[in-house]
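Participant: All chains, full assembly: derive it from the sequences and hints.
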Amino acid sequence: MRIGVVVFPGSNCDRDCVHVLRDVVGQDVVEVWHGETALEDLDAVVLPGGFAYGDYLRAGAVAATSPIMPAVRAFASSGGPVLGICNGFQVLLEAGLLPGAMVRNRGLLFQCRTVHIRVESTRTPFTRGLREGQVLRLPIAHGEGNYYAPAALLETIEEAQQVVFRYCDAGGRVTPEANPNGSLRNIAGVCSPQGNVLGLMPHPERAAEEILGSVDGRWIFESLVACLEARVPVPVG
Amino acid sequence: MSPTLPRLDPAAIGLTPAEYEEIRRRLGREPNALELRLFGVMWSEHCGYKHSRVTLRALPAESPRLLQGPGENAGVMDIGDGWAVAFKVESHNHPSAVDPCNGAATGVGGIIRDVLSMGARPIALLDSLRFGSLDDPRVRRTAAGVVAGIAGYGNCIGVPTVGGEILVDPRYRGNPLVNVVCLGLVRTDRLARARASGPGNAVMYVGARTGRDGIGGAAFASEELDECSEREDRSSVQIGDPFTGKLLIEATLEALGTGGVVALQDMGAAGLICAASEMAARGGVGVTVHLDRVPLREQGMSADEILRSESQERMLLIVRPEAAERVAAAYHRWGLPATVVGEVVAEPELRVTHGDRRLASLPPYTLADAPAYRPVASEPQRLWDLWQIEPLPDDSGPQDALLALLASPGIASKRAVYEQYDHSVQVRTVIAPGAGDAAVLRLPELAPKGLALSVDGNGTLCALDPYRGARRAVAECAANLACAGAVPLGVTDCLNFGNPEDPEVFWTFRQAVSGLADACRALRIPVVGGNVSFYNESPDGPIPPTPIVAMVGVIDDVRLSPRMSFRGEGDLIVLVGDPSGDLAASTYLRVVHGLDRGRPPDVDFELHQRVLSVVRESVRAGIARSVHDISEGGMAVAVAESAIAGALGADVVLPAAPRRDSALFGEAPSRIIVSVGEESAAALFALADASSVPVSVLGRTGGDRLRMTVASAGPKRTDIDLPLEALRRAYDALSEVFR
Numbered sequence: 001m002r003i004g005v006v007v008f009p010g011s012n013c014d015r016d017c018v019h020v021l022r023d024v025v026g027q028d029v030v031e032v033w034h035g036e037t038a039l040e041d042l043d044a045v046v047l048p049g050g051f052a053y054g055d056y057l058r059a060g061a062v063a064a065t066s067p068i069m070p071a072v073r074a075f076a077s078s079g080g081p082v083l084g085i086c087n088g089f090q091v092l093l094e095a096g097l098l099p100g101a102m103v104r105n106r107g108l109l110f111q112c113r114t115v116h117i118r119v120e121s122t123r124t125p126f127t128r129g130l131r132e133g134q135v136l137r138l139p140i141a142h143g144e145g146n147y148y149a150p151a152a153l154l155e156t157i158e159e160a161q162q163v164v165f166r167y168c169d170a171g172g173r174v175t176p177e178a179n180p181n182g183s184l185r186n187i188a189g190v191c192s193p194q195g196n197v198l199g200l201m202p203h204p205e206r207a208a209e210e211i212l213g214s215v216d217g218r219w220i221f222e223s224l225v226a227c228l229e230a231r232v233p234v235p236v237g
Numbered sequence: 001m002s003p004t005l006p007r008l009d010p011a012a013i014g015l016t017p018a019e020y021e022e023i024r025r026r027l028g029r030e031p032n033a034l035e036l037r038l039f040g041v042m043w044s045e046h047c048g049y050k051h052s053r054v055t056l057r058a059l060p061a062e063s064p065r066l067l068q069g070p071g072e073n074a075g076v077m078d079i080g081d082g083w084a085v086a087f088k089v090e091s092h093n094h095p096s097a098v099d100p101c102n103g104a105a106t107g108v109g110g111i112i113r114d115v116l117s118m119g120a121r122p123i124a125l126l127d128s129l130r131f132g133s134l135d136d137p138r139v140r141r142t143a144a145g146v147v148a149g150i151a152g153y154g155n156c157i158g159v160p161t162v163g164g165e166i167l168v169d170p171r172y173r174g175n176p177l178v179n180v181v182c183l184g185l186v187r188t189d190r191l192a193r194a195r196a197s198g199p200g201n202a203v204m205y206v207g208a209r210t211g212r213d214g215i216g217g218a219a220f221a222s223e224e225l226d227e228c229s230e231r232e233d234r235s236s237v238q239i240g241d242p243f244t245g246k247l248l249i250e251a252t253l254e255a256l257g258t259g260g261v262v263a264l265q266d267m268g269a270a271g272l273i274c275a276a277s278e279m280a281a282r283g284g285v286g287v288t289v290h291l292d293r294v295p296l297r298e299q300g301m302s303a304d305e306i307l308r309s310e311s312q313e314r315m316l317l318i319v320r321p322e323a324a325e326r327v328a329a330a331y332h333r334w335g336l337p338a339t340v341v342g343e344v345v346a347e348p349e350l351r352v353t354h355g356d357r358r359l360a361s362l363p364p365y366t367l368a369d370a371p372a373y374r375p376v377a378s379e380p381q382r383l384w385d386l387w388q389i390e391p392l393p394d395d396s397g398p399q400d401a402l403l404a405l406l407a408s409p410g411i412a413s414k415r416a417v418y419e420q421y422d423h424s425v426q427v428r429t430v431i432a433p434g435a436g437d438a439a440v441l442r443l444p445e446l447a448p449k450g451l452a453l454s455v456d457g458n459g460t461l462c463a464l465d466p467y468r469g470a471r472r473a474v475a476e477c478a479a480n481l482a483c484a485g486a487v488p489l490g491v492t493d494c495l496n497f498g499n500p501e502d503p504e505v506f507w508t509f510r511q512a513v514s515g516l517a518d519a520c521r522a523l524r525i526p527v528v529g530g531n532v533s534f535y536n537e538s539p540d541g542p543i544p545p546t547p548i549v550a551m552v553g554v555i556d557d558v559r560l561s562p563r564m565s566f567r568g569e570g571d572l573i574v575l576v577g578d579p580s581g582d583l584a585a586s587t588y589l590r591v592v593h594g595l596d597r598g599r600p601p602d603v604d605f606e607l608h609q610r611v612l613s614v615v616r617e618s619v620r621a622g623i624a625r626s627v628h629d630i631s632e633g634g635m636a637v638a639v640a641e642s643a644i645a646g647a648l649g650a651d652v653v654l655p656a657a658p659r660r661d662s663a664l665f666g667e668a669p670s671r672i673i674v675s676v677g678e679e680s681a682a683a684l685f686a687l688a689d690a691s692s693v694p695v696s697v698l699g700r701t702g703g704d705r706l707r708m709t710v711a712s713a714g715p716k717r718t719d720i721d722l723p724l725e726a727l728r729r730a731y732d733a734l735s736e737v738f739r
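Those protein sequence lines, which keep their order, are chains P and H.
Residue numbering for the first sequence follows our numbering, starting at 1 and increasing by one per position.
Residue numbering for the second sequence follows our numbering, starting at 1 and increasing by one per position.
Calculated from the structure, these hints are not laboratory results.
Incorrect hints may have been included.
[As the list claims (entries may be wrong)] One-sided and incomplete, this derived list gives chain H residues near chain P with beta-carbon spacing under 7 Å:
| no. | residue |
| --- | --- |
| 1 | 156 |
| 2 | 243 |
| 3 | 335 |
| 4 | 420 |
| 5 | 424 |
| 6 | 430 |
| 7 | 442 |
| 8 | 443 |
| 9 | 724 |
| 10 | 728 |
[Stated by the list, open to error] Counterexamples of contact, computed for chain P against chain H with all Cβ distances above 10 Å:
| no. | residue |
| --- | --- |
| 11 | 9 |
| 12 | 38 |
| 13 | 101 |
| 14 | 111 |
| 15 | 122 |
| 16 | 129 |
| 17 | 133 |
| 18 | 177 |
| 19 | 194 |
| 20 | 205 |
| 21 | 212 |
| 22 | 216 |
| 23 | 223 |
[As the list claims (entries may be wrong)] Among the chain P residues that face chain H by a calculated CB cut under 7 Å, a handful are:
| no. | residue |
| --- | --- |
| 24 | 113 |
| 25 | 141 |
| 26 | 148 |
| 27 | 229 |
| 28 | 230 |
| 29 | 231 |
Computed from a predicted structure; not experimentally measured.
Note that CB positions come from ideal geometry on N, CA and C, so glycine has one too.
Facilitator: Listed below in structure tokens is the structure:
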């Protein structure tokens, strides 16, 4: 499969994503420069973490308007799988490809540590290979990962099963103590109504090899590849 | 643009009458006002190493693996198979005192670009920080600002902060220390240097535009801080922009890939004039710089301001003319200016022009080679008094003493700090902060090889004996590396001292350098470069002499590197090394009894090497389940830390000692705790035996309490019996300060 990793000025995790997709998951990977306007022959697109455009204005705000984004939008609306990790998630929120917004972490400080998240929905290509209720151990590294959505929108995305991951403890219990940043309802990841666009704050690419302490992140990429290989159709509309 | 400046008093720009005479002698004429200002900044202590250069010659810089020693922007060592590491430490003490957040942030940015100047991709940062007492609200504000600055810059630029240390001593109150280490990875055939060559080559300015920030920063760093510094010296502090810094990394690595870059250097301290004169001096050529071509952020900047500005995220490149377009294109692609501002000339003359006006014309060496002094040194007599620790206070309450030590800032968990730093970006971090004595990075390029990094220094010991204190810092670094199974490769040092013109301060400097030199010779590793920071004084007086040592080591198989945490119930806890600790200059005496006294025990490097080799071999053999160096707080603290980290209790009996507290809390180098499964014990003893290193089984892991007893002939008693939860609470004392 051919997977594109978008490189914005200020992306920090682009090389990490390329490494994991190419060397660990064994896929064909292309770096997509933010200044391009087309995504050629890609099966999936990853928006990596970092500080795109320095996160000036708001995290992800400037990147959401970069030349490549209309092509990402078109790819997403045609059912193509799009994964936004950390800053990539923020970009997808700012671009309106995912519902809700990010505000500064509760406590205002950057947080870099390992957390647990629970799989809430297996309807996305990135989680189809996982079990509902499965607990993943992944690192977070962000200052603005406090997920917010107005009450009505929260209800809508809960009903539509768009909440894909929630922060939890090692036993899978969703508790206030397990919430590292103040996200509403411990939300760590959400998807588009069709499920083909996913954003999450933790970094699966930093937990895809035994030597780094956890391989739980790898299952997210493996799930994507399995879906692509099986040509699982994504509902459009 | 004003080419002429009012006549200057040399003293106003920090030059002595003798230095002014020397300038006249070297030029064979009077310098003009602009030239004089350039001398003022280039001959500052910060740029010129005037008071340290002669002493620094004592440091060893030989190794078969050394690719670049002192004199370049960073040292470089070969790690095999076509790869090398570039590393260096630098201080940003004065800026951090005045503006903690921006001062620390630009410290991070500056050292990253020094490593980048060698053609290396920066892959790791470590920080060594010193603050006054954290009970002082002003110190707390400084500390929080420094941490925020490091986090803000390091996180955004995408280089992980993988380790460091924070120590607290009231003597750093007015003058905190912020020393930042950066390490980069470079293919040996891509190694770059800062040596201008090739008449006709272009001088290219890349990165951010030049503004009025940080003018005279290097000179400011060469003065003592006073009460007004915070208010008056703000304009000497640069403002960093990590986003531009990140673009500069990517664009520069891309530009180096074109093969058209002959040399490059960061425009850091003393800005454009420093980069231009140093690169020209190294190459024995001349350089012409046309100021009217320099990209400016502000209108109406004078020649002096343009030349001395320390605006961040700028570099100066020497580029082959035919490649200039391709090199510039790499920067433009990343949205950065890249402009040819001059050219290399054969005649060794640094010329500064604006339009058709020549503003300065000097041989580059006259600026780049500041005079070297041999300051007077005199031994402070009071040291002898401070070495007396008799009569010692009563040995009582070991439980309270252990909890007090665990909660003391030097020992307590730095989690609240390092969780603010991205330490896992670049997917190399195998042992993260807090998990081991050294940071461990994997090298997928050379798998299963890896690197271990440690930064250490102990101003409190150095204040009591700078020679021994410096040796202890080197020994500690080497021990930390051994805990990860690493063989030391090389050292970079940051020497933080007070005013070198004070004979007692200079004596401590000379002693410390000599300690470093002897220690590195004993370990057969080079000092690949570093930094000297003098004039660390405030109205409270000078800081303790603080040599900071950062050591890099290579690990053959990173999969075997153990952490410091106890792993399995019933493992044997083994002490490798001599059991006896010393209370002199111990953290215990200072924290528990308020006594900052005693002569620090020295290092027997012959024994040290043998102890470290046993530990390293046990790691390589895959039998060490946890390894932890015994340092501050002695054996009791080391065992407690491994228990806390592993959430696993322990029951240990320490060998008898004249005093119970010296057994528990006494300190000495060359002692490491290794835990092994019962089945591996014989193998560990055999390793120790083969090297004639003493080993003793202290006890076993297990349960959720820490029990410690010092063996004695008297009735059986338990000296420490505490639940892990109590230890963890004490160890978490800093979380309130930094959150």
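Participant: Run every hint past the structure and note whether it holds.
Facilitator: Each hint, compared with the structure:
1. 156: With a closest approach of 4 Å, the residue 156 of chain H hint holds.
2. 243: Holds, because the Cβ-Cβ distance from residue 243 of chain H to chain P comes to roughly 3 Å (cut-off 7 Å).
3. 335: 6 Å, holds
4. 420: Holds, because the Cβ-Cβ distance from residue 420 of chain H to chain P comes to roughly 5 Å (cut-off 7 Å).
5. 424: 5 Å, holds
6. 430: 6 Å, holds
7. 442: 6 Å, holds
8. 443: Because about 11 Å separates residue 443 of chain H from the closest Cβ in chain P, which is outside the 7 Å limit, the hint is violated.
9. 724: With a minimum Cβ separation of about 17 Å from chain P (threshold 7 Å), the hint on residue 724 of chain H is violated.
10. 728: It is violated, given that the least Cβ distance between residue 728 of chain H and chain P is near 15 Å, above 7 Å.
11. 9: 6 Å, violated
12. 38: 18 Å, holds
13. 101: 21 Å, holds
14. 111: Since the minimum Cβ distance to chain H is about 6 Å, residue 111 of chain P lies within 10 Å and the statement is violated.
15. 122: 26 Å, holds
16. 129: At about 22 Å from chain H, residue 129 of chain P clears the 10 Å cut-off, so the statement holds.
17. 133: The assertion about residue 133 of chain P holds, with a minimum of 25 Å to chain H.
18. 177: Holds: least Cβ distance 14 Å, greater than 10 Å.
19. 194: 31 Å, holds
20. 205: 7 Å, violated
21. 212: About 6 Å separates residue 212 of chain P from the closest Cβ of chain H, which leaves it inside 10 Å; violated.
22. 216: Holds, because the least Cβ-Cβ distance between residue 216 of chain P and chain H comes to about 14 Å, which exceeds 10 Å.
23. 223: The assertion about residue 223 of chain P holds, with a minimum of 20 Å to chain H.
24. 113: 5 Å, holds
25. 141: Holds: closest Cβ of chain H sits about 4 Å from residue 141 of chain P, inside 7 Å.
26. 148: Violated: closest Cβ of chain H sits about 22 Å from residue 148 of chain P, beyond 7 Å.
27. 229: 25 Å, violated
28. 230: Result: violated, 28 Å to nearest chain H Cβ.
29. 231: Violated: closest Cβ of chain H sits about 30 Å from residue 231 of chain P, beyond 7 Å.
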